[in-house]
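Please build the complex by placing chain W with the ligand on the supplied structure of chain F, with the hints as guidance.
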Amino acid sequence: MRLGIDIGSRKVKFALQSDNNRMKLWDMPTTDLYHQHLHRKPDGTNELDFHSLGLPQVDIVAATGYGRNNVKLSQALVVSEILAHAAGAMRVLQGEFLMLDMGGQDTKVALVRDGQVEDFSVNDKCAAGSGRYLENMAQVLGVPLEELFSYYADPADLTTTCAVYAESEIIGKLAEGVTMPQLCAGVNYSTFLKIRPMLERWPQKELVFVGGGAKNKAMLHYLQQAHYAVVIPEAPEYNGVLGCLEMLDKEEEE
Amino acid sequence: MSEKTAKERIGITSTIPVEIIYASQCVPVDLNNIFITDKHPQVIVDEAERLGLPRNTCTWVKGMYSVLKHTDIHTVIGVVQGDCTHIVSMLESLLPAGVEFIPFSFPYEKSRKLLRWEMQKIMDYFGVQWDDCLASKARLDEVRKIIHTIDRMTWEDNTVSSQDNFYALINSTDFMGNPEAFKIQLKRILDKKREPYPRSHLRFGLLGVPTVFTDLYPYLESQGARVVYHEVARQFAMPEYAKDLLEQNLSYTYPYSFYGRVKDIQEEAGLRHLDGFIHYVQSFCHHQLEDLGFREQLSLPILTLEGDRVGKLDGRTKTRLDTFVQMLKSKKRRKEDAFRN
Ligand code: SF4
Numbered sequence: 001m002r003l004g005i006d007i008g009s010r011k012v013k014f015a016l017q018s019d020n021n022r023m024k025l026w027d028m029p030t031t032d033l034y035h036q037h038l039h040r041k042p043d044g045t046n047e048l049d050f051h052s053l054g055l056p057q058v059d060i061v062a063a064t065g066y067g068r069n070n071v072k073l074s075q076a077l078v079v080s081e082i083l084a085h086a087a088g089a090m091r092v093l094q095g096e097f098l099m100l101d102m103g104g105q106d107t108k109v110a111l112v113r114d115g116q117v118e119d120f121s122v123n124d125k126c127a128a129g130s131g132r133y134l135e136n137m138a139q140v141l142g143v144p145l146e147e148l149f150s151y152y153a154d155p156a157d158l159t160t161t162c163a164v165y166a167e168s169e170i171i172g173k174l175a176e177g178v179t180m181p182q183l184c185a186g187v188n189y190s191t192f193l194k195i196r197p198m199l200e201r202w203p204q205k206e207l208v209f210v211g212g213g214a215k216n217k218a219m220l221h222y223l224q225q226a227h228y229a230v231v232i233p234e235a236p237e238y239n240g241v242l243g244c245l246e247m248l249d250k251e252e253e254e
Numbered sequence: 001m002s003e004k005t006a007k008e009r010i011g012i013t014s015t016i017p018v019e020i021i022y023a024s025q026c027v028p029v030d031l032n033n034i035f036i037t038d039k040h041p042q043v044i045v046d047e048a049e050r051l052g053l054p055r056n057t058c059t060w061v062k063g064m065y066s067v068l069k070h071t072d073i074h075t076v077i078g079v080v081q082g083d084c085t086h087i088v089s090m091l092e093s094l095l096p097a098g099v100e101f102i103p104f105s106f107p108y109e110k111s112r113k114l115l116r117w118e119m120q121k122i123m124d125y126f127g128v129q130w131d132d133c134l135a136s137k138a139r140l141d142e143v144r145k146i147i148h149t150i151d152r153m154t155w156e157d158n159t160v161s162s163q164d165n166f167y168a169l170i171n172s173t174d175f176m177g178n179p180e181a182f183k184i185q186l187k188r189i190l191d192k193k194r195e196p197y198p199r200s201h202l203r204f205g206l207l208g209v210p211t212v213f214t215d216l217y218p219y220l221e222s223q224g225a226r227v228v229y230h231e232v233a234r235q236f237a238m239p240e241y242a243k244d245l246l247e248q249n250l251s252y253t254y255p256y257s258f259y260g261r262v263k264d265i266q267e268e269a270g271l272r273h274l275d276g277f278i279h280y281v282q283s284f285c286h287h288q289l290e291d292l293g294f295r296e297q298l299s300l301p302i303l304t305l306e307g308d309r310v311g312k313l314d315g316r317t318k319t320r321l322d323t324f325v326q327m328l329k330s331k332k333r334r335k336e337d338a339f340r341n
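Protein chains in written order, with our numbering: chain F, 1 to 254; chain W, 1 to 341.
Isolated chain F (complex conformation):
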């Protein structure tokens, strides 16, 4: 039995692979993991408490995600999340393609060629365009996130690049009478404009879109409009943790 764990800024995602290859996926708030399911060891590393997680003894653990270095799981093989996401994307596409992961805190792009990450880029130190930014904007606009993701037509022109100031810009536009669907589309489009230069670093048009952001239909629309052939795997938000398990396989092969 093998466990993959993707420690994100907000949520931890688990993938449990049983010996007969059945996969179970679930998540929990990251704070719960820290408070309830880790044993701190004297050497500063942590051990996963399988019992409190309701799990039987697991043979092999692979960890990825933003928190993988902080948590220092003593039992785990640690994998960079960019490589894990690329490995996850290789489950659905072969040859040469781009992997685009839009997560809670940042956006990552990797160029994959023949089962290998050739190059990658991560967005700069700025929350604008991240999943968290989109959540905030949905809240300001008073719509559920899924609804925000559905608007792409006639985007309002949003000029502020700072995630915090964008809030006041949106409120100002609402007061000017710009409609809610236009503003939602504007939020999506400005996010697309932020990630486009990251993609255009390479002349590749095949794209695997993963992470929670892959549920953003407006983003998919803009990508397709920009002539990207987009593939979205099933459960795209679990792509990283599944890729992490894939990497375990590779490691074992070598």
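Since the hints were made in silico from the structure, they are not lab data.
Just to be clear, a hint being listed does not mean it is correct.
Below, computed lysine-lysine pairings styled on BS3-like, alpha-carbon distance capped at 25 Å [to be verified]:
| no. | chain 1 | residue 1 | chain 2 | residue 2 |
| --- | --- | --- | --- | --- |
| 1 | F | Lys194 | W | Lys318 |
| 2 | F | Lys72 | W | Lys312 |
| 3 | F | Lys250 | W | Lys335 |
| 4 | W | Lys318 | F | Lys72 |
Coordinates of chain W with the ligand only, in the frame set by chain F:
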């Protein structure tokens, strides 16, 4: 000698023909080094912000500004062409009362005539002659020889750490104000005699301005990688031996054309068998623009890292480093496998 008293400390903002200051018996002090070797460099930066420098000013400028406010330095030679326009603005408009600013330019055209004129200007200021400067060049070249040996041991013998390599190179801007004492420090590095680093370690070239990360080298080593080439810091140490001072300062690449730097980088990358580059950029620094140029000109993989505050590597930067190292290792493994089969 002019009205300067021997042993007076003269601030410098970057590499200059420091031989002139030594010839005058004064003591050069690189303001960057005072700042970054302080016990609490970030406190110095915070102070500059408190004093009103905009937050979006680069950390190095903030550091130098605070240092100037608090030291006994009354004369600063600032490089006004061939280095940093931000520093020029700071020196021009914000210098504390009683501090004199002497501009020095590395002419962009690399003109002997203009550079000679610039150097003559500084010599006249200190009341020294070319011969005096050549004598101090001989004194400094003794130390440079050791620095270059340390550099060679870093990439060829693999017996010097990236940290020690950087220490030796970066302090060659001012020779720590005391070339003989600096020489003793360098000899300590030579005497360390460590086992060569494993051949499996990836070999990186670090491009760009000095970083503000305090744990970059040990972290890289823990991941199985080393920096065996510090582009800019190596240039500070004047790697091209030249008999005359003018020639030496013309072959120094950093202040002149970007393409001169690229040529130097390409040559060293081949010689040192580099696996990739880390291009370090400082937040709010104009050199960030060069990132695209490097990507267009250099064929090896490049990881761009940005730093702002002085301190340890943050999680996101570690993720980038981990990914870069793991990516290059697996590429290398594949190449070796393909070669074997
Ligand atoms: S990092 Fe850039 S902006 Fe800052 S002092 Fe150096 S050259 Fe100037």
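Quick rundown of the hints versus the structure:
1. With a CA separation close to 23 Å, the supplied pair lysine 194 of chain F and lysine 318 of chain W stays within the 25 Å bound.
2. At roughly 17 Å between alpha-carbon atoms, lysine 72 of chain F and lysine 312 of chain W fall within 25 Å of each other, so this suggested pair holds.
3. For the suggested pair lysine 250 of chain F and lysine 335 of chain W, the alpha carbons sit about 17 Å apart, so the restraint of at most 25 Å is met.
4. Distance hint between lysine 318 of chain W and lysine 72 of chain F is fulfilled; the C-alpha atoms sit about 14 Å from each other, no more than 25 Å.
Going down the numbered hints, you'll see the structure goes against none, and every one checks out.
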